[in-house]
Amino acid sequence: MLELNGITKVDGADTHIHPTNLILERGTLNVLLGPTLSGKTSLMRLMAGLDKPTSGTIRFDGKDVTGVPVQQRGVAMVYQQFINYPAFTVYENIASPMRIAGKDKATIDREVRKAAEILKLTPYLDRMPLSLSGGQQQRTALARAIVKNAALVLLDEPLANLDYKLREELREELPKIFAASGAIFVYATTEPSEALLLGGNTATLSHGSITQFGKTIDVYRNPVDLFSARTFADPPLNVIGLTKKGSGFFSGSDTVLAVPPHLADIPDGFCTIAFQPHHLSLHRPHATASAVQARTIISEIAGSESFIHVAFGEHRWVMLVHGIHDIDADTDVGLFVDTRHLMAFGADGRAIAGYSQKAA
Amino acid sequence: MARINLDHIRHAYGVRLSAPDDYALKEVHHEWDDGGAYALLGPSGCGKTTLLNIISGLVQPSEGRILFDGEDVTNLPTQERNIAQVFQFPVIYDTMTVYDNLAFPLRNRKVPEPEVDRRVREIIEMIGLSDWAKKKAQGLTADQKQKISLGRGLVRSDVSAILFDEPLTVIDPHMKWVLRSQLKRLHKQFGFTMVYVTHDQTEALTFADKVVVMYDGEIVQIGTPAELFEKPKHTFVGYFIGSPGMNVIPARIDGRTVEMGGQTIDLGFAPKIASGARTELGIRPEFIRLGRVGMPVTISKVEDIGRQKIVRAQFADKPIAIVVHEDGEIPSEPRVTFDQASINIYADSWRVGGEA
Amino acid sequence: MDFSWMAWTLPTALFFLTILALLIGMGVWEYVSPGGNPRVGILRFETTRGDRLFVSLLGSAFIHLAWLGLGGPDLWWALALSVVYAVGVFKLV
Amino acid sequence: MKTHATAISTAQTDAAQTLRTGTTQAAERRPGTLPLPARRTKAGVAWLVPTLYIVFLMLPIYWLVNMSFKTNTEIMSGVSLFPQTPTLRNYMVIFSDPSWYKGYINSIIYVVLNTIIAVSVALPAAYAFSRYRFLGDKHLFFWLLTNRMAPPAVFALPFFQLYSAFGLIDTHIAVALAHCLFNVPLAVWILEGFMSGVPKEIDETAYIDGYSFPRFFVKIYIPLIASGIGVAAFFCFMFSWVELLIARTLTTTDAKPIAAIMTRTVSASGMDWGVLAAAGVLTIIPGALVIYFVRNYIAKGFALGRV
Amino acid sequence: MQKTWNNKAWFMVLPVLVLVAFSAVIPLMTVVNYSVQDTFGNNEFFWAGTEWFTEVLESARFWDALQRNLFFSGVILAIEIPLGIFIALNMPKKGLGVPFCLVFMALPLLIPWNVVGTIWQLLSRADIGLVGYSLARLGIPFNYASDPLHAWITVVVMDVWHWTSLVVLLAYAGLVSIPDSYYQATKIDGASRWAVFRYIQLPKLKRVLLIAVLLRFMDSFMIYTEPFVVTGGGPGSATTFLSIDLVKIAVGQFDLGPAAAMSIIYFLIVLLLSWVFYTVMTSSDAAN
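Line order of the protein sequences matches chains A, B, C, D and E.
Read the first sequence against this note's numbering and you will find it ends at 360, with the numbers running on by one and no gaps.
Read the second sequence against this note's numbering and you will find it ends at 356, with the numbers running on by one and no gaps.
Read the third sequence against this note's numbering and you will find it ends at 93, with the numbers running on by one and no gaps.
Read the fourth sequence against this note's numbering and you will find it ends at 307, with the numbers running on by one and no gaps.
Read the fifth sequence against this note's numbering and you will find it ends at 288, with the numbers running on by one and no gaps.
Hints are computed from structural coordinates only; laboratory data are not their basis.
Quick reminder that beta carbons are idealized off the backbone N, C-alpha and C, glycines included.
Incorrect hints may appear among the rest.
As the list claims (entries may be wrong) - Calculated lysine-lysine pairs in the DSS-like style (CA-CA distance at most 25 angstroms, straight line):
#, chain 1, residue 1, chain 2, residue 2
1, A, K52, D, K138
2, B, K233, B, K272
3, E, K8, D, K138
4, B, K136, E, K204
What the hints assert, rightly or not - Incomplete in silico selection of chain A near chain B, CB under 10 angstroms:
#, residue
5, S133
6, S193
7, L197
8, I217
9, L320
Please model the complete structure; the sequences and the hints are all you need to start from.
Encoded structure:
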């Protein structure tokens, strides 16, 4: 178990991490999700022991490891850049942590070959890392992390520099490879879809603070603030500022959306309403959905589904629909907002009421 | 605007050409329509950038000719081909202002200044950098720099074609959505011939009218996003397009029926298959229905990715993926049916059609 | 070891001790409030207080030289001018 | 372990991996490999300017070599482009007279000493500057650089006093240490440039793997920046080799460099132009040898590793 | 690159500090001490106050040497920097010849400075030198030993021969590091050769050119050996630069006090100029 107790990181005049508490259990997969510079890497470096927190303590399995140098920590880390020792062969790269640990030759050889087999590196063991493709280089780095058999595995956007399909494959394999070890697995990414595919737990980060931490799907479904909601939307979240009066959300004197049951109890007044792109549709998905009129901007077809960008007043929304729908630009269309999944946020960006799956 | 003809083009780097595999780009012979939006899609190293550079004139093909509107431009240098190109990493003129950066290609071609001003203002508005017009390009973020590169590609109204080489790599995910749809809108509006290189299927499919899927120096399929999705010509296309990719299951074809691990499905047509060919059935995860009727499967894992669920299951001893809607339920004794119209049959990895 | 060739005198010793004290002082200051208080002053580029000390010292040296070259040998006035200059540097640069 | 997505893709990726071993990819991306038509056609003219420049550079050296094979009478009797009566006498004089050839040995000894000292103390310092921020780092770096900029003439006299006080006058180590004045800052500067080009994630990966700092530094880091070390050593060699003022001030006989011996001999018994030229030629050879070894890094090295 | 705070890094810098303190700080202190005293040898010193400084500052000899030095540096920079850039621009970027080209170009940099002087002396003498002799045959009486202008021309051409390669190599290094996509973009944008230089190459070379200017300015400002060997500072004092004058006073006349005072003034000027260059250099870095 890894516990971060009120840790901060201040470097000169810059604060990288605001006071943060986080508890990660053994055998779990934890995703750090946030845009670039939100503090994911800083937090990982603190967990690894590469940096010392300015204040606060870090405990691992109950033991205070705050000042312990990284060499004695038993962590493994893989970076976004493909980091290997350029002067060593792939074999020696993978063997390196075990050589340092003083394992005997036979064990090293066995482990290296095993890891290479898992990561399909066997044909390249005698090659130099820089002569390999990006995917193979990153596999080498991953193999080095595997053989270390560390209790804490940190992956800092390990797939960001890889091809789309390669990313998909490795993303699929990664959790399985490490799952057996019972290690704590921390994975940083900027992409919400990656977090969702990995599952496990997710912490959303913003400007050096963790805004929310919980089971990935829960964070996705019930964001505590507009920021978490936005971080977790791909395509971007649809947002509109409306005033609640009784059973309707109003813009000026027009009712725009009906108030769904799960938002019935929130106080009247101005709030920010948000919903995911797939909750905007061309056909009425449910009896309670609200109809709206919008003007199309452009349609994009992505095989099984289409993204239709529309303008609703001065708001720009994206609709994600199944199937192929190529609607001409600048056409007026009637759309439906599935109000069962609306989210409402107050002026401070905090959620007034999350949307709940049970409402369905 | 121009129609682009690629006439038996092959290219190899270096000189040794003993085997066909030495070609980084194997034979390409196609005609691309005037005003079309094409995407070159494939994994890195598949030759897509080579092909792009051949079109732009940065690389001269080892063999074959390239024609713009019927005119042979194979030996013309880039400057005289009248094309625009946007590179993967931003290329900007540091010491110029944002405005001058955008005006540069026009001024070099002696476009009258009022026209320059009109075009630049239009583009600068589109890429959302109006507030930065008078600033030096040097201090901008990578995002903004790449927008300038894009803008410089779009600013000329008379180009034969605009080429994009993975232009959104450095752009932040949310901004990608905005820029991509703006590009597409621009294409609809002005009808430029556009060629867009990427390894990201979403980018390729959403941007292009026609997607050119490349693999190992060859064009595997050219088709609309819908064709690539519904009727992939090769199992590679099925795998590469779609996320998760197409399920490919070894199968035995017998006339109009197909048999996999003891299960038999009626195809509704009889595929033409050469004897001895390795046959497979391809079906997209989206076209498998999970329910209480049909063929039994064993579910190994359910990934809830929010708007839908991806079910990983064993079918006929083969792993398959099934996409289930957000609200869809997963029965305890799961069975699957394949949408008959969406089944593709492959012989030696190439799609085979019916006899009709 | 014979170091008489270095020909120390009290004034020069005091001079070097003052500079040493200034350096140590800056070190302590930096330790207490790290970051060096960087800012962009009238010279139009970013300076830290270390840079300002350097500019002050170097400027003072030239002020003294100019005083010697143009005016009289009485350097106290030059010293006073240097102090004014140093204060100006710490305030404005 | 194998699930369906991988199983499906395995066929494709395996095929891809065997066919494409990373080289095709490299070829596709590597800058400079594009056979641009413009470059192809201008190949003949392209070398014109550098060739003219090199001719200008080589002319004086040629003249020196030419003279070194002439007899003094021939030198004095007029100008000729080739030695009319080629002679090796001038070289024989140098190789047979210890006071001449010792000069070369002296020069080489203190230059090598200086190079070793400068590079070995500069390595950790450059690492500190490239990886860490610490109290006064920027000012320290600048102060080091000012020493590279300090005029040797200013230091000549106090150096003499200083090394006299330590009894080091006329020793090789004195010159080697004195040349550190400008070579250490230079070595730090060059190495820092090269080190900044190595991602610090490599260091961290090594620490995570369990390497201690010294072991990491020797086993992983030094091989990584070997070219930087080579270039730094080259520059130390060069500046120590070409410097005369300080070297001459600190030596009298036992450690006197060849360059200083040349100036002395010239003014002795009239002008032995032939020997002078031969000695000059011999001073060029070590530099030419050293530069040949670092030829592939020259450009990067001259930019102090910073391009 | 994000650097981490670590004051222990001081220990890694320590050896350098000790070494440089030994070879720079102690001598510098000594110079300061000498500058306020008078001596007749035998380590006997008398307090002289600021007398030597006044003397140096009021001596026309010092100001003339300084002026000469600044003018020399100006001429050198005006010739070597543009010439160096021009040659670098016209060098092929690849090919088997490139490394050898670079080796030949770097060769003059590796010749001991007095040998450089000797080479040019041998080349320029009217009796035995190729150039001097040829000029004389063409009816141009060339004599660097008696004509100040000829002496200057010789010294300047010698310096150009000696050091232009440094600028070429720096500029070349800068040029090869410009990614191909920049050149491709300029082709696509239809830029002229001049525009490519003005908007792509020159901005990208800024950094290395600053290093080149810094090094060339400083080294030409401190020049001693080469002109000393060729002209000995003459004819008259036509090529007597600061360093030459300084050594003359200190070693030739053994006037330690004035020499020390002059050293300090000289050093302060160098320090000021280094600081200006360094600041410009680092702040242009920060802007990138």
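Tested hints:
1. Under the criterion of a C-alpha separation no larger than 25 angstroms, the hint pairing K52(A) with K138(D) is consistent with the structure, at around 23 angstroms.
2. Distance check on the hinted pair: K233(B) and K272(B) sit about 14 angstroms apart at the alpha-carbon level, within 25 angstroms; holds.
3. Among the hinted pairs, K8(E) with K138(D) is consistent with the structure: their alpha-carbon atoms are about 15 angstroms apart, no more than 25 angstroms.
4. The straight-line distance between the Cα atoms of K136(B) and K204(E) is roughly 15 angstroms, inside the 25 angstroms bound, and the hint therefore holds.
5. Below 10 angstroms, beta-carbon pairs count as interface contacts, and S133(A) has one with chain B at about 7 angstroms; its hint therefore holds.
6. A distance limit of 10 angstroms between C-beta atoms decides the matter here; for S193(A) the minimum to chain B is near 7 angstroms, and the interface restraint holds.
7. Given the 10 angstroms rule on beta carbons, the hint for L197(A) holds: about 6 angstroms separates it from the nearest Cβ of chain B.
8. Interface hint status for I217(A): upheld, as the beta-carbon distance to the closest one in chain B is roughly 5 angstroms, under 10 angstroms.
9. Given hint, L320(A) at the interface with chain B, holds; its Cβ is 7 angstroms from that chain's nearest Cβ, closer than 10 angstroms.
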